[in-house]
Structure formats: C-alpha cells, structure tokens
Amino acid sequence: MFKFFEPNKIFLINSKVTKYVLFLFIIVLSIGLLEALVLSPEDYKQSHSVRIMYVHVPAAWISIGIFSSIAFLSMGVFIFKNKNLSLISKSLAPSGFIFNIVALVTGAIWGIPTWGTWWAWDARITSMVILLLFYLIYLLSWRIFDNNDKAIKITSIIAIFGVINVPIIKFSVDWWTTLHQPSSINILSKTSIHSSMLIPLAIMTAAFALFSLLIFLMKYNTELIKIKNKGLDRL
Amino acid sequence: MINEILFMNGYGQYVWSAFLFTLLSFVSLFLITKLQLVKEQKKFIAKFGLLNSQKTRVAKLQNINKEILSGTSKI
Chain D
0 MFKFFEPNKI FLINSKVTKY VLFLFIIVLS IGLLEALVLS PEDYKQSHSV RIMYVHVPAA
60 WISIGIFSSI AFLSMGVFIF KNKNLSLISK SLAPSGFIFN IVALVTGAIW GIPTWGTWWA
120 WDARITSMVI LLLFYLIYLL SWRIFDNNDK AIKITSIIAI FGVINVPIIK FSVDWWTTLH
180 QPSSINILSK TSIHSSMLIP LAIMTAAFAL FSLLIFLMKY NTELIKIKNK GLDRL
Chain G
0 MINEILFMNG YGQYVWSAFL FTLLSFVSLF LITKLQLVKE QKKFIAKFGL LNSQKTRVAK
60 LQNINKEILS GTSKI
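Chains D and G, in that order, are what the protein sequence lines are. Positions 0 to 234 (numbering that gives the first Met the number 0) are the ones given, in order, by the first sequence. Positions 0 to 74 (numbering that gives the first Met the number 0) are the ones given, in order, by the second sequence.
Keep in mind that the hints were calculated from the coordinates and are not lab data. Please note that a few of the clues may not be correct.
What the hints assert, rightly or not - Computed Cβ-Cβ distance ranges for the label pairs, DEER-style:
hint	chain 1	residue 1	chain 2	residue 2	range
1	D	L132	G	N2	53 to 63 Å
2	D	L23	G	T55	31 to 41 Å
3	G	L23	D	K169	20 to 30 Å
4	D	L11	G	L23	48 to 58 Å
5	G	L23	D	N146	53 to 63 Å
6	G	I4	D	I78	49 to 59 Å
Stated by the list, open to error - Sample of chain D residues facing chain G (criterion: CB under 8 Å; computed from the structure):
hint	residue
7	S46
8	T105
9	W109
10	N220
Note that beta-carbon positions come from the ideal geometry of N, C-alpha and C, so glycine has one too.
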C-alpha cells in the first residue's frame, strides 16, 4: 500500500499536475465567486450578509478536515513507522492554518451585522481558536526541533492530541447555548439550505479544496527538494 | 445592478471585506509557498553544479534529481 506513498513517485506526479490544479482552481473559483456574489439570492432574514457564508463555511470545513487528516496520518506514523506520512502532514498544515484564520476573520466580519458584535467567547468560536492554536504549535514545532525524528514524534503527538477538539467544534452548538447558529447542513438528515444557496456553497467548497491541494503539492515538493539538498551534501 | 452588487443594501462593506480578506490570504500563501519552492530549487541547482563528474553521474541516476533540474518551476 505504501508504494503509492513513495516520495519520488509523488514528486514526479506533483511536478506534472500542479499547473492543471492551478488552472482548475482559477476556473472553479471564478464560477464560485460569480454564483456567490451575483447569482445567489439574498436571505430573507440576513439579506446580503448571508453571502459571507460562501467563504466562511468552506474555510471552516476545510481547516477542520485538514487537521483531522493530519491527525489520522500522524497515527499512521506511529503504527506503520512511515516517515513520508509526516511529510504529507507537514505539507498539509499551512493551508489548514490559513483556512482557520479565514474562517475566524470572516466569521468576525459576519458577526457585526448579524449579532451586533465581531467577537464573543462562545463555544464554537472558542473551539475554533483552540484549533488555530494547535495549528500554530504544530507548525512551530517543525521549525523549533532540528532533529527530524524528534520533530516527527512531537508534531504527531500534537496532532493526535489536538484532534480531540474536532468533535468539540462540531457538537459545540448542540452541547452549549451559543451565539453561533446550529449546523444547517447535515449528512445524515435533510439540509435546511435551499439549493439556490447550496450550489454556490458546494462550488466554493470545491474551489477551496483545490486551493489546499495546490498548496499541498507545492509544499510537498519544497520539502522533498530540501531532503534532496541534504542528500547532495552527503554524496 | 452594479450599485446593488457593490452596496448590497448596506451590507457591501462586510461582504466585500470578507471576500477580499479571503482572496488576499490565498494570494499571500500561494506566493510564499511558490517563493520557498523556487528558493529550494535554485539551491539544489547551485549545489548540483558544484559536484564533480563522478558525483554528478551518481546523482543523475535518480529520476527525481533530473526532474528538479529539468526546470526551476512548472507553474
């Protein structure tokens, strides 16, 4: 199974697909922006401010999804002793971190017209801040520890420990009384969003996912070239 | 039509600032990642140039090294 995750093979594929991912991302983002800013209807209650949802929600989903993936891969590092999994995790983290910031900032902007305040220490927002801190500690740990084996162990532990926060983010709106509204989209039950808003949301989510893939491909190749640079020193 | 898109019943400032912040974050992250990639590629090419002929032959046996050398950047 791990033959698929062989760094050299991934590098060769990455070098070829990156430009196509960038091209696809620009197309999907352009359609998404047109849908989100022009074609989608305004909300009967929130009016045009609902359009912030098209950047806020996908950013939050993807930042949570990336952190969960990092934690899952980190478990793989311990179980299968495969260092390439940590390289994949390390390359995923920057886009997850940026999406987390985007979710918090756009949420704060949305809060002003909707709640009358840009910030509240409510359970959903606080748990998203905690996720941001985990991202920050994870990324800093890679920079702080010179010893690669030590860095792999510590960052994996941080990711596995941090993933406990993910279900807290998800269920915070059900467990506590929060300013943040409950989920409108649920995989197991019927969604409460009309298709005229659901389609732009899906397109923007696809665009954001393509962007994180693009950054991952570039970051992974950067990390691999760093390793190859060290390899040249040892020749 | 254009006024409606720009001002959005008074919500324009919030909507546009949220979208602009998102796009600026994307552009910044893309440029930083791209610069790091190009920097490492240049470092690799410079190091490769310093190798003697025997080491160069050994290094060129790896496809990945050839791929790095083949172009500083694909995008």
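Hints, one by one, checked against the model:
1. D:L132 to G:N2: 53 to 63 Å: Hint violated: Cβ distance 42 Å, outside 53 to 63 Å.
2. D:L23 to G:T55: 31 to 41 Å: The hint (31 to 41 Å, Cβ to Cβ) holds, given that D:L23 and G:T55 are roughly 37 Å apart.
3. G:L23 to D:K169: 20 to 30 Å: Once the Cβ atoms are compared, 28 Å apart, the range 20 to 30 Å for D:K169 and G:L23 holds.
4. D:L11 to G:L23: 48 to 58 Å: The hint (48 to 58 Å, Cβ to Cβ) is violated, given that D:L11 and G:L23 are roughly 33 Å apart.
5. G:L23 to D:N146: 53 to 63 Å: At 36 Å between Cβs, range violated.
6. G:I4 to D:I78: 49 to 59 Å: Given about 52 Å between the Cβ atoms, the range holds.
7. S46: At 5 Å from the nearest chain G Cβ, D:S46 passes the 8 Å test, so the hint holds.
8. T105: 4 Å, holds
9. W109: 7 Å, holds
10. N220: Holds, because the Cβ-Cβ distance from D:N220 to chain G comes to roughly 6 Å (cut-off 8 Å).
Hint compliance for this structure: hints 1, 4 and 5 are not met, and every other hint is.
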